[in-house]
Amino acid sequence: MELTVLGQDEAAAAVADSGCSTGSCGSTNDQMSDLPDAIREKVQNHPCYSEEAHHYFARMHVAVAPACNIQCHYCNRKYDCSNESRPGVVSELLTPEQAIKKTKAVAANIPQMTVLGIAGPGDPLANPERTFETFRGLSEEAPDIKLCVSTNGLALPESVEELSKHNIDHVTITINCVDPKIGAQIYPWIYWNNRRIRGEKGAAILIEQQQKGLEMLVERGILVKVNSVMIPGVNDEHLKEVSRIVKSKGAFLHNVMPLIAEEEHGTFYGVMGQRGPEPEELQDLQDDCAGDMNMMRHCRQCRADAVGLLGEDRGEEFTLDKIEAMEIDYGAAMKTRAVVHAGIMEELDEKQAKRERLAAASVPDAQGLVDTRPVLMAVATSGGGLINQHFGHATEFLVYEASPNGVRFIGHRKVDQYCIGNDTCGEKESALSGSIRSLHGCEAVLCSKIGFEPWSQLEEAGIVPNGEHAMEPIEEAVLAVYREMAESGALEEPVPAARAQQVSA
Amino acid sequence: MSLSIVDSCVNCWACYDVCPSDAIYQSAPHFLIDAKKCTECEGDYAHPQCATICPIEEAILDAGGVAMNPPGSLTGIPPEKMAEAMLEFQSR
Ligand code: SF4
Ligand code: SF4
Chain F
1 MELTVLGQDE
11 AAAAVADSGC
21 STGSCGSTND
31 QMSDLPDAIR
41 EKVQNHPCYS
51 EEAHHYFARM
61 HVAVAPACNI
71 QCHYCNRKYD
81 CSNESRPGVV
91 SELLTPEQAI
101 KKTKAVAANI
111 PQMTVLGIAG
121 PGDPLANPER
131 TFETFRGLSE
141 EAPDIKLCVS
151 TNGLALPESV
161 EELSKHNIDH
171 VTITINCVDP
181 KIGAQIYPWI
191 YWNNRRIRGE
201 KGAAILIEQQ
211 QKGLEMLVER
221 GILVKVNSVM
231 IPGVNDEHLK
241 EVSRIVKSKG
251 AFLHNVMPLI
261 AEEEHGTFYG
271 VMGQRGPEPE
281 ELQDLQDDCA
291 GDMNMMRHCR
301 QCRADAVGLL
311 GEDRGEEFTL
321 DKIEAMEIDY
331 GAAMKTRAVV
341 HAGIMEELDE
351 KQAKRERLAA
361 ASVPDAQGLV
371 DTRPVLMAVA
381 TSGGGLINQH
391 FGHATEFLVY
401 EASPNGVRFI
411 GHRKVDQYCI
421 GNDTCGEKES
431 ALSGSIRSLH
441 GCEAVLCSKI
451 GFEPWSQLEE
461 AGIVPNGEHA
471 MEPIEEAVLA
481 VYREMAESGA
491 LEEPVPAARA
501 QQVSA
Chain H
1 MSLSIVDSCV
11 NCWACYDVCP
21 SDAIYQSAPH
31 FLIDAKKCTE
41 CEGDYAHPQC
51 ATICPIEEAI
61 LDAGGVAMNP
71 PGSLTGIPPE
81 KMAEAMLEFQ
91 SR
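Chains as they are written, first to last, in this note's numbering: chain F, 1 to 505; chain H, 1 to 92.
Mixed in with the good hints there might be a few duds.
Ranges between beta-carbon positions, derived for each pair [stated by the list, open to error]:
hint, chain 1, residue 1, chain 2, residue 2, range
1, H, HIS47, F, GLU346, 56 to 66 Å
2, F, ASN193, H, ALA63, 20 to 30 Å
3, F, GLY462, H, PRO71, 51 to 61 Å
4, H, LEU32, F, ALA461, 51 to 61 Å
Some chain H residues judged to face chain F by a derived CB distance under 10 Å, without partners named [stated by the list, open to error]:
hint, residue
5, VAL6
6, CYS41
7, PRO55
8, PRO70
9, LEU74
10, LYS81
11, GLU88
Hints were generated in silico from the structure; no laboratory data involved.
Keep in mind the model is a prediction, meaning the values are calculated, not measured.
Glycine included, C-beta positions come from ideal geometry on N, C-alpha and C.
All chains, full assembly: derive it from the sequences and hints.
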């Protein structure tokens with residue numbers, strides 16, 4: 001058997017047929033092979049979906065949509081904390097006019113910015129005038145920017161017609177259930193036909209509108225991505241059914257995100273002690289739901305008004321007063337942008353070609369690995385598919401699974417998920433213990449360099465630090481470490497206690 | 001008669017968009033209802049629209065000064081549970 005690298009960013013890296021990898025047995029190795037060409041093209045270099053592209057292209061969100069038409073148990077409309085990085089939490093509300101100006105200013109100064117999203121702080125389609133005025137202005141004045149919108153779906157059917165008039169890249173619908181009984185445990189009420197409708201009745205209407213909206217968008221050829229929040233004990237098992245349904249109706253991606261519930265957020269779930277999923281639980285469910293759509297693992301929960309490359313925020317450079325002072329010649333900016341985009345595409349193509357050559361040249365030998373158990377490893381990288389980041393600089397880790405089937409990208413683990421180290425915002429925690437906690441379940445961490453203190457603390461936590469593969473391609477290094485573990489006999493021992501406990505809990 | 005908006009309002013614009021009488025206006029530190037224009041939605045809707053969409057408990061009061069959406073009625077969090085959580089959070 002040959003080992004394959006079931007990579008994070010494109011299928012071309014997979015050189016040999018390894019059979020069933022994530023529960024969806026395709027006839028080829030191409031993890032996007034089910035998608036029509038047009039969709040594949042849109043997704044391949046999308047900053048939200050491609051691990052490779054998000055280091056090169058940027059997206060931004062503008063907060064023009066304050067009103068909402070439903071209540072979710074994971075949301076608190078009172079909350080507005082600048083340390084927050086959850087979706088739906090936004091600091092600066094903009095008028096459509098300001099949003100158009102800000103978008104053009106950012107696009108002119110960060111030519112990599114290709115996608116503008118409206119995600120809140122409420123529901124974009126519950127603010128149709130503000131949302132569509134922004135879209136209309138941008139379609140006219142900045143036609144090289146793609147637009148996207150996230151919605152709870154309640155007002156979606158009546159918005160499809162208008163959406164189809166704009167340069168819409170994709171619509172994201174948050175669908176947490178297809179069963180009103182479960183819905184009633186997630187949504188206490190909706191505002192519908194001038195009434196507040198509670199419980200199962202409200203949830204049933206919401207579900208119907210979401211499904212109808214999804215169908216209408218697909219009919220019109222608009223890309224639809226579905227997000228779901230995994231709420232252990234409420235909808236975790238159910239999301240498998242949600243996944244089947246939305247994909248059969250034509251959603252091009254289904255992305256499962258973890259519930260983030262802390263008492264200090266003042267949300268229903270936070271106060272009532274509903275827990276979020278452990279990384280392992282999330283991963284198992286993502287495996288079940290994502291199927292062959294591995295790349296969706298790259299979707300971060302970005303803040304609704306974030307500016308910049310995924311996981312970074314340059315919003316400070318574009319505050320309202322700074323934008324007011326800027327003179328923007330968008331016609332000229334568009335020319336520069338076109339040149340920059342072409343350059344990036346060329347670079348991405350080159351990288352891909354290089355990876356294909358590498359993959360074709362080195363077919364790793366799997367002897368002795370046939371029955372070894374899978375191992376999770378974390379990688380510190382600042383992009384380019386290389387292990388090139390200092391452990392202490394990593395704000396997130398990429399997690400890979402190595403097994404006799406090859407190396408597979410699993411997902412991201414953020415180090416500072418919320419409010420760490422800020423005394424106004426709950427529990428204090430050192431960055432180091434935060435990093436180590438975020439690596440839960442991993443048996444090794446690969447980075448370019450690492451200090452002495454984290455080294456010993458990692459070892460204590462049962463995670464082997466490894467700085468020997470600096471500047472090497474991620475998949476190959478992970479495989480090499482896996483092989484070393486196999487040879488040293490480490491894989492004959494059962495899963496380390498911490499993880500085993502987690503799994504059985 | 002008129003409803004009124006008080007300081008727990010978070011300026012989410014939801015009520016502004018649904019008022020049939022154009023009685024709600026943006027103001028600092030929060031939105032306000034023009035008592036002369038507010039009809040309590042009489043003749044337009046069975047329920048006052050602002051209080052029907054408002055997501056914040058105790059942000060809108062009826063003509064008698066009583067909260068249209070009392071504590072716990074919108075979030076589903078029992079008020080005593082919320083108080084407990086706030087206490088615990090503050091004591092950290
Ligand atoms: S009660 Fe009706 S008329 Fe009065 S402010 Fe509210 S929405 Fe407007
Ligand atoms: S709906 Fe409620 S919170 Fe929102 S602006 Fe109106 S009164 Fe304020």
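Now for the hints, and whether the structure bears them out:
no., hint, in the structure
1, HIS47/H x GLU346/F: 56 to 66 Å, "holds, 59 Å"
2, ASN193/F x ALA63/H: 20 to 30 Å, "holds, 25 Å"
3, GLY462/F x PRO71/H: 51 to 61 Å, "violated, 46 Å"
4, LEU32/H x ALA461/F: 51 to 61 Å, "holds, 55 Å"
5, VAL6, "violated, 14 Å"
6, CYS41, "holds, 9 Å"
7, PRO55, "holds, 5 Å"
8, PRO70, "violated, 14 Å"
9, LEU74, "holds, 6 Å"
10, LYS81, "holds, 6 Å"
11, GLU88, "holds, 7 Å"
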